[in-house]
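Chains as they are written, first to last, in our numbering: chain A, 36 to 444; chain B, 36 to 444.
These are calculated hints, taken from the structure and not from any lab test. Certain hints may be false.
As the list claims (entries may be wrong) - Below, computed lysine to aspartate or glutamate pairings styled on EDC-like, alpha-carbon distance capped at 20 Å:
{"hint": "1", "chain 1": "A", "residue 1": "259", "chain 2": "B", "residue 2": "370"}
{"hint": "2", "chain 1": "B", "residue 1": "262", "chain 2": "A", "residue 2": "374"}
{"hint": "3", "chain 1": "A", "residue 1": "262", "chain 2": "B", "residue 2": "370"}
{"hint": "4", "chain 1": "B", "residue 1": "406", "chain 2": "A", "residue 2": "171"}
{"hint": "5", "chain 1": "A", "residue 1": "406", "chain 2": "B", "residue 2": "176"}
{"hint": "6", "chain 1": "B", "residue 1": "259", "chain 2": "A", "residue 2": "370"}
{"hint": "7", "chain 1": "A", "residue 1": "406", "chain 2": "B", "residue 2": "171"}
Claimed, not checked - To spell it out: a stretch of chain A is covered by chain B in this simulated footprint if at least three of its residues, at any positions, have a beta carbon under 8 Å from a beta carbon of chain B; those stretches are:
{"hint": "8", "segment": "213-219"}
{"hint": "9", "segment": "233-239"}
{"hint": "10", "segment": "253-262"}
{"hint": "11", "segment": "384-398"}
Claimed, not checked - Have a look at the derived ranges for each label pair, beta carbon to beta carbon:
{"hint": "12", "chain 1": "B", "residue 1": "331", "chain 2": "A", "residue 2": "318", "range": "57 to 67 Å"}
{"hint": "13", "chain 1": "B", "residue 1": "439", "chain 2": "A", "residue 2": "301", "range": "25 to 35 Å"}
{"hint": "14", "chain 1": "A", "residue 1": "319", "chain 2": "B", "residue 2": "440", "range": "35 to 45 Å"}
{"hint": "15", "chain 1": "B", "residue 1": "437", "chain 2": "A", "residue 2": "274", "range": "43 to 53 Å"}
{"hint": "16", "chain 1": "B", "residue 1": "130", "chain 2": "A", "residue 2": "350", "range": "40 to 50 Å"}
{"hint": "17", "chain 1": "A", "residue 1": "373", "chain 2": "B", "residue 2": "83", "range": "37 to 47 Å"}
For each residue, glycine too, the CB sits at the ideal point set by N, CA and C.
Protein chains: 2
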Amino acid sequence: MTDTKAVAPGCLTGVRVLDLTQFEAGTSCTQVMAWLGADVVKVENPVGGDPGRRTGATTPHRDDPYFLNYNSNKRSLTVNLKSPRGLEIVKDLARKADVFMENFAPGAIERLGLGYDVLSKLNPGIIYGQVKGFGEGSPYENNLAFDMIAQACGGTMSITGQPEGPPAKPGTTLGDTGTGMLMLISILASLYKRKETGQGVRLGVAMQDAMLHYIRNAFAVTTKTGKPARRAGAKTIEGGNPPSNIYPCAPGGPNDYVYVYTSRANPQHWPKLLEAIGRQDLIGDKRYETSMARAERESEVDAIISEWTRKHDKYEAMRVIGAAVPAGAVRDTLELMNDPNMEERGIIQTVQHPTNGPFKMAGWPVRFNGKPSVVKPAPLLGQHSAEALKDWLGMTDEQVAALRADKII
Amino acid sequence: MTDTKAVAPGCLTGVRVLDLTQFEAGTSCTQVMAWLGADVVKVENPVGGDPGRRTGATTPHRDDPYFLNYNSNKRSLTVNLKSPRGLEIVKDLARKADVFMENFAPGAIERLGLGYDVLSKLNPGIIYGQVKGFGEGSPYENNLAFDMIAQACGGTMSITGQPEGPPAKPGTTLGDTGTGMLMLISILASLYKRKETGQGVRLGVAMQDAMLHYIRNAFAVTTKTGKPARRAGAKTIEGGNPPSNIYPCAPGGPNDYVYVYTSRANPQHWPKLLEAIGRQDLIGDKRYETSMARAERESEVDAIISEWTRKHDKYEAMRVIGAAVPAGAVRDTLELMNDPNMEERGIIQTVQHPTNGPFKMAGWPVRFNGKPSVVKPAPLLGQHSAEALKDWLGMTDEQVAALRADKII
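Using the sequences and the hints given, assemble the complete structure.
If you want it as structure tokens, here you go:
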């Protein structure tokens with residue numbers, strides 16, 4: 036059992052991250068660094084800060100839960116990047132940083148005078164990460180992108196949805212967080228290398244390109260068929276033998292389904308499933324015995340299973356069928372958020388936020404020697420301006436006060 | 036422009052990975068380490084190897100493209116884990132390894148006698164990674180899981196599909212590769228830490244738990260509404276003002292759509308879109324001027340845009356609309372695979388495989404100083420048995436020959 040009171044010591048303690056990210060693709064990357072112990076100083080516009088603070092916010096003067104999810108454990112430093120003195124401060128911070136991360140529109144960071152050519156001269160060891168919508172050398176490299184654009188252009192939508200219906204966007208924000216994770220892997224590998232060489236690097240990833248990493252099964256299908264992979268509802272893109280689908284459960288709500296999977300590689304799955312649902316009478320029945328036979332009688336197979344699942348709720352169905360073959364209840368976000376086991380295990384943690392109050396959020400799911408990483412609240416705008424300038428640049432209270440008076444921070 | 040002939044030097048050169056993974060969740064993790072330069076030695080059963088080699092394979096004696104996608108740049112070493120001598124060899128390899136990675140069924144690796152308690156005694160610096168379906172302390176911790184089970188139980192299916200339809204599985208294999216990436220981040224952070232401490236660690240992640248990391252936008256909705264986040268077709272879970280959806284393009288095929296997005300935060304998007312589609316006559320029209328007004332007249336807004344998009348193919352639509360507001364063609368896997376720009380930029384690379392011939396696959400999408408990582412073919416079963424035993428354990432040809440004669444390798 037995980038002891039959620041004990042937390043994993045941060046692997047990245049001592050790593051300084053100068054964070055010029057906003058919204059999600061960049062913030063998700065620096066978020067994980069903060070969870071793993073890095074000192075992430077988020078530089079924000081003194082007027083409003085990261086626009087993600089207000090994305091969809093419904094209450095004035097409160098940061099939206101969207102922002103809270105991607106910025107916990109960070110420190111917020113406000114700097115006016117349009118003032119020469121503000122820019123100098125960011126350059127001074129860059130001299131002290133191990134990692135720099137940004138996801139502004141194409142060309143924006145270079146126009147600010149904070150491009151890699153500039154910062155790497157000040158700090159040759161800096162690891163400089165950039166997330167853009169489209170790659171360098173792409174015909175669209177100057178276009179803006181958001182999660183849904185990346186998912187359209189990167190192939191994930193083409194393989195999501197019902198077979199006869201239009202493309203659907205996966206509900207996951209893979210164009211954002213999925214890209215941020217690939218950038219983070221590259222940052223950490225570069226930090227590791229730098230321990231030997233002292234050399235920094237410019238890292239770049241496009242959200243469109245990152246999507247390809249997550250649909251390699253669909254590419255494998257295309258390699259074999261020479262055709263585009265097709266949408267498959269709740270089934271896998273590769274096809275696979277029935278049952279491998281969702282089945283309706285009582286009481287029939289929008290997410291009252293259980294996934295039931297039987298592997299072609301394991302001929303014991305089918306008789307074990309029949310036993311679990313009380314249809315021992317069909318064990319050995321030639322009509323359904325092989326995966327080939329079941330593929331030909333898919334609607335009959337579905338009817339046999341649904342007859343049982345409709346009489347049980349999804350958790351009971353998962354308990355009974357899951358003891359025999361792989362099975363899983365389709366769970367919604369409210370069920371997951373309110374699942375006491377998720378909180379016991381520290382997968383979801385309750386954070387005390389100074390203005391929003393107690394707030395439940397998913398933290399880093401990986402356990403270090405069985406222990407979770409601690410989640411702290413996202414910073415208020417400018418909450419750590421003085422603290423960060425003193426820590427990183429050794430400023431005095433007077434210097435900080437002067438910057439405030441001049442509206443630089 | 037990326038020079039695909041120049042490749043990024045591997046950050047993980049010199050890192051030894053003892054890879055006991057199979058299928059995808061584990062293999063995707065070690066795959067990226069291999070791309071980034073680590074020496075990944077994949078230990079496989081001499082009879083058949085990783086079952087992923089044959090998953091869906093249609094031609095005898097060939098490894099399936101599924102396997103090729105997740106195992107390139109690795110070395111294959113066959114070892115019979117059921118023989119005491121074979122187990123000893125794996126323990127000897129563990130003494131030399133920096134990272135150990137496995138994703139067997141719950142309890143299997145411990146029953147083999149290769150649990151963390153055993154290997155960490157032989158090598159206190161080993162970073163020991165495990166991917167399972169469900170977390171330690173979960174009521175389902177002993178259950179098997181596959182990608183679709185993780186996506187059912189982890190919430191991603193509940194928010195994917197049409198609003199009035201059943202849950203759909205995102206076509207992305209997020210339960211597998213999505214989990215593997217979070218494990219990899221933890222491995223790399225631990226390797227970084229180990230440079231200072233010399234200490235290893237046991238890392239564990241559950242596929243169900245990992246899904247929560249990718250649906251934090253949906254959790255933000257639940258935080259605000261107190262209700263489960265709902266499926267939204269091609270729109271975002273958060274809602275958002277129209278247009279933010281896919282629009283049908285000529286000639287009307289299953290993926291002939293263009294995504295058009297206008298941000299609530301940017302009031303210029305709507306008039307710019309109208310100009311792009313030749314409807315300057317509507318600029319300033321009160322019926323559509325604010326995002327609130329457009330939300331009330333969503334079907335009219337959709338009709339205005341569709342009237343134009345239906346007359347253009349998706350690439351032309353992306354070109355014209357994308358110059359004004361965020362827009363993206365819905366691309367399928369065949370279009371992406373055959374896009375010369377993807378190959379020019381090294382996002383998709385053609386690999387010469389000894390039995391399958393030339394094979395196109397997506398490599399690591401992140402660029403290091405503008406350069407891609409090189410992709411080499413996946414190993415044939417046991418292709419590097421002798422080489423790996425000589426490199427890691429200093430064995431002689433005679434010792435390797437004796438192991439072969441005894442069917443240990």
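Which hint numbers does the structure go against, in order from smallest to largest? Nothing - there is no hint that the structure violates, so all of them hold.
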